[in-house]
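Trainee: Spelled out from the first residue to the last, the chains are:
There are 2 protein chains.
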Amino acid sequence: MNINEIAELAGVSRATVSRYLNNGYISEEKRAAVKKVIDETGFVPSSHAQTLRTKKTKLIGVILPKINSESISRMVAGISGVLSEQGYNLLLANTENDEKKELEFLQLFQDNRVDGIILIGTIFTGEHKKLLKSLRVPVVIAGQHLEGYSSVYHDDEAAAEAVTELMIRAGGQHFGMIGATLRDEAVGRKRRAGFLNSLEKAGITVEESALKEAKFNSESGYKMARQLMENHPETDSLFCATDTIAVGAIEYLRETGKKIPDDIQIIGFGDSKIARVLTPRLTTVHLAYKTSGEESARMILELLAGKNTADREMKLGYRIVEGESLR
Amino acid sequence: MNINEIAELAGVSRATVSRYLNNGYISEEKRAAVKKVIDETGFVPSSHAQTLRTKKTKLIGVILPKINSESISRMVAGISGVLSEQGYNLLLANTENDEKKELEFLQLFQDNRVDGIILIGTIFTGEHKKLLKSLRVPVVIAGQHLEGYSSVYHDDEAAAEAVTELMIRAGGQHFGMIGATLRDEAVGRKRRAGFLNSLEKAGITVEESALKEAKFNSESGYKMARQLMENHPETDSLFCATDTIAVGAIEYLRETGKKIPDDIQIIGFGDSKIARVLTPRLTTVHLAYKTSGEESARMILELLAGKNTADREMKLGYRIVEGESLR
Chain A
1 MNINEIAELA GVSRATVSRY LNNGYISEEK RAAVKKVIDE TGFVPSSHAQ TLRTKKTKLI
61 GVILPKINSE SISRMVAGIS GVLSEQGYNL LLANTENDEK KELEFLQLFQ DNRVDGIILI
121 GTIFTGEHKK LLKSLRVPVV IAGQHLEGYS SVYHDDEAAA EAVTELMIRA GGQHFGMIGA
181 TLRDEAVGRK RRAGFLNSLE KAGITVEESA LKEAKFNSES GYKMARQLME NHPETDSLFC
241 ATDTIAVGAI EYLRETGKKI PDDIQIIGFG DSKIARVLTP RLTTVHLAYK TSGEESARMI
301 LELLAGKNTA DREMKLGYRI VEGESLR
Chain B
1 MNINEIAELA GVSRATVSRY LNNGYISEEK RAAVKKVIDE TGFVPSSHAQ TLRTKKTKLI
61 GVILPKINSE SISRMVAGIS GVLSEQGYNL LLANTENDEK KELEFLQLFQ DNRVDGIILI
121 GTIFTGEHKK LLKSLRVPVV IAGQHLEGYS SVYHDDEAAA EAVTELMIRA GGQHFGMIGA
181 TLRDEAVGRK RRAGFLNSLE KAGITVEESA LKEAKFNSES GYKMARQLME NHPETDSLFC
241 ATDTIAVGAI EYLRETGKKI PDDIQIIGFG DSKIARVLTP RLTTVHLAYK TSGEESARMI
301 LELLAGKNTA DREMKLGYRI VEGESLR
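Sequences listed follow chains A and B, in order. The opening residue of the first sequence carries number 1 in this note's numbering; numbering runs sequentially from there. The opening residue of the second sequence carries number 1 in this note's numbering; numbering runs sequentially from there.
Among the clues, some could well be false.
No copy is singled out in the list; a pair is fine if it fits within one copy or between any two copies.
[Said to hold, decoys possible] Derived DMTMM-like pairs: lysine to aspartate or glutamate, alpha-carbon spacing no greater than 25 Å straight-line:
{"id": "1", "residue 1": "Lys-215", "residue 2": "Glu-85"}
{"id": "2", "residue 1": "Lys-258", "residue 2": "Glu-28"}
{"id": "3", "residue 1": "Lys-56", "residue 2": "Asp-111"}
{"id": "4", "residue 1": "Lys-30", "residue 2": "Glu-230"}
{"id": "5", "residue 1": "Lys-101", "residue 2": "Glu-85"}
What the hints contain is simulated information worked out from the structure, not anything from laboratory work. The structure displayed is predicted, hence computed values, not measured ones.
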C-alpha cells in the first residue's frame with residue numbers, strides 16, 4: 001500500500017494524501033475520506049519517505065570502536081540517557097577499531113539517515129579530517145580532542161602523571177609500560193606522555209625498549225608483558241594503558257611466579273569491573289565516561305538547536321581508585 | 001547540489017541524471033556530460049534518495065538487549081563477519097533490556113531503513129508477536145526460540161542439566177539457584193528447568209525459597225546471594241544463571257568468609273573473561289555465541305535471497321569449562 005493507492009481509494013489527489021500525512025491544510029471532507037481509507041487499510045506511512053520531506057529523523061548516530069567495553073558502554077549510557085529524554089533514538093555503528101569503517105559510517109549516517117553524529121573517536125587520519133569537514137550534519141567528538149570540533153574528552157595526561165607518581169612514591173625504581181598505539185591521541189600518546197613526565201620529574205630514566213605497545217585486548221597485554229619481562233626482568237613497576245591490557249599482563253606475571261605488588265606493582269586505566277574482581281584488586285584510574293557521554297549528548301542537542309555555533313571543548317577530570325596492586 | 005542542479009549544469013533532463021546514477025541506459029554523449037559535471041562538482045548522490053529508488057540499503061539492523069556483554073559482542077562479531085563479506089553494514093540498536101525499545105526499533109528499522117533485521121531476543125510479549133508478524137522485512141531471531149520464526153538458539157536446558165549433574169556428583173546436597181526472569185525463555189526458564197530436572201533425577205529436593213531471581217548484573221547477584229544465604233545458610237551448591245550474577249554472588253560469599261569450593265561450590269553460564277580471572281576460576285558453560293551470530297547472518301542472507309522461505313530453527317550445543325569452583 002503506498003500513497004498513490006491511498007489517493008485512488010479515497011478519490012483524492014496524491015498531493016492531498018501527502019498534505020494529510022504532513023498535517024498540511026486540506027478540506028474537512030477530503031480529510032475524512034483519507035482518514036477512512038487509512039484506518040481501513042492499516043496503512044503506515046514510510047518514515048523514510050517522511051524523512052525526505054521533513055528532514056528530521058529524531059535519530060542520532062553513534063560511531064564507536066568496540067561494543068564489548070565498559071568505558072564505551074558507560075559513554076553510550078550517558079548519551080542515551082540525555083537524548084532519549086528529548087525523544088531521540090540512537091543508532092550505533094561498531095567499527096571494531098577499523099578506521100575505514102569509521103569513514104564508511106560517517107558517510108552512511110550523514111546521508112540524511114540521522115540528525116547528528118557522535119563519534120567516539122580513536123584515530124584521526126587526514127581522510128577523517130576531510131570527511132568531517134564535509135559533513136552536512138552536526139558532529140560531536142567524544143573521548144578525543146580534535147582542533148576545530150566540538151569535543152568532550154578526558155585529562156589522560158594528568159591522570160597518567162598522577163598514577164605514575166603513586167608508583168614512584170611507593171618506591172618503584174625500574175619502570176616499564178605497556179601502552180597503546182601512538183596514533184590514538186588520548187589512550188596512546190597522552191597516557192604515555194604523562195607517564196614519562198612523572199618519571200622525568202623524579203629523575204628516573206626508562207629505556208625505549210621498556211615501552212611496549214599492545215592492542216586493546218588482554219591477549220596482547222599478556223604477550224607484551226612477556227616481551228617486557230624477558231628484556232627487562234628487573235622491572236618492578238608496570239604502567240598499563242588500560243585495565244584490559246593489565247589483565248593480560250597480570251596473567252603472565254602470575255604464571256611466571258611474580259608476586260603482585262611485592263615483586264612488581266602494576267596499574268591500569270578504566271576502573272572496570274574486572275579490575276575490582278582481580279586478586280589482588282587492581283589500582284586503576286576512573287575517567288568519567290558516563291559524564292562524557294552526557295556532555296556529548298548535550299552538545300549535539302545545542303548544535304541541533306542552532307545554538308552555540310562556536311566549537312566547544314570540554315576536558316573532564318579523573319579519580320584514582322586504589323586497589324591492592326601498589327606497594 | 002542536487003539532481004536538478006546536476007541536470008541543469010549538464011544540459012540534460014533530471015531523469016537522465018537519475019538513470020546515470022542507477023546505471024540505467026543513457027547515450028554515450030549524455031553520460032559524458034553528466035560525468036563531467038559530477039566530477040567537477042564533487043556531487044555525492046544521497047544514498048537515502050537512492051534507497052527510495054532501489055529499495056536496497058545493504059544494511060542489516062541488529063536489535064540487542066545490552067552492549068556491554070561478552071555474549072552479545074561475540075554474537076555481533078559472528079554476524080558482522082559473515083555479513084561484511086557480502087558487503088553489508090550493521091546498524092545496532094541497544095534496548096538496555098527495555099521491551100518497549102525493542103518494539104520501537106523493530107518499527108523504526110522496518111520503515112525501509114534496513115534490508116533485514118536480526119533480533120537478539122529476550123522476552124516475547126503479545127505485542128512483539130503482533131509486530132513481528134506485520135514486518136515487511138525478513139527477520140531472524142538469535143538466542144531465543146520463537147515458534148514460526150527463523151531462529152538460532154542454544155540448548156540451555158541440556159547445558160543446565162549437565163552442570164547441575166557435575167555439582168551433584170561432586171557431593172552437593174543443599175542446592176540453591178540465582179536465576180533470571182522466567183519471562184526470558186532461554187536464560188530464565190530453560191536454565192531453571194535443566195537445574196530442576198537434574199535435581200529431580202537425583203532425588204534431591206529444593207525449596208521454592210532457595211530459587212532466587214536476579215537482574216542481569218552483579219549487584220543484583222550480590223543481593224540475591226545474601227537473601228539466599230540468609231534464608232538457607234546450609235546451601236553448599238549454588239547455580240547462577242549467568243557469570244555476571246555469579247561474580248556478585250562470589251563477592252558476597254567472600255565477604256561473609258565462605259570458602260569456594262570447600263564451603264560452597266558455584267557455577268556460572270557464559271564462559272566470560274571475568275570467569276577466568278576470578279580466584280578460584282569459575283566453572284562455567286560455554287555457549288557458541290559467535291557461531292550463533294554467524295548462523296543468524298547466514299539465515300538472513302538466505303531470506304534476502306528469497307531462498308528457504310520455510311522457517312528454519314537451529315539449536316546449538318554447549319561445552320562445560322572446568323574452573324576451580326566445584327569440589
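Trainee: State for each hint whether it applies.
Mentor: Status of each hint after checking the structure:
{"no.": "1", "hint": "Lys-215 <-> Glu-85", "result": "between (36 Å within a copy, 24 Å between copies)"}
{"no.": "2", "hint": "Lys-258 <-> Glu-28", "result": "neither (82 Å within a copy, 74 Å between copies)"}
{"no.": "3", "hint": "Lys-56 <-> Asp-111", "result": "both (12 Å within a copy, 14 Å between copies)"}
{"no.": "4", "hint": "Lys-30 <-> Glu-230", "result": "neither (82 Å within a copy, 68 Å between copies)"}
{"no.": "5", "hint": "Lys-101 <-> Glu-85", "result": "between (29 Å within a copy, 13 Å between copies)"}
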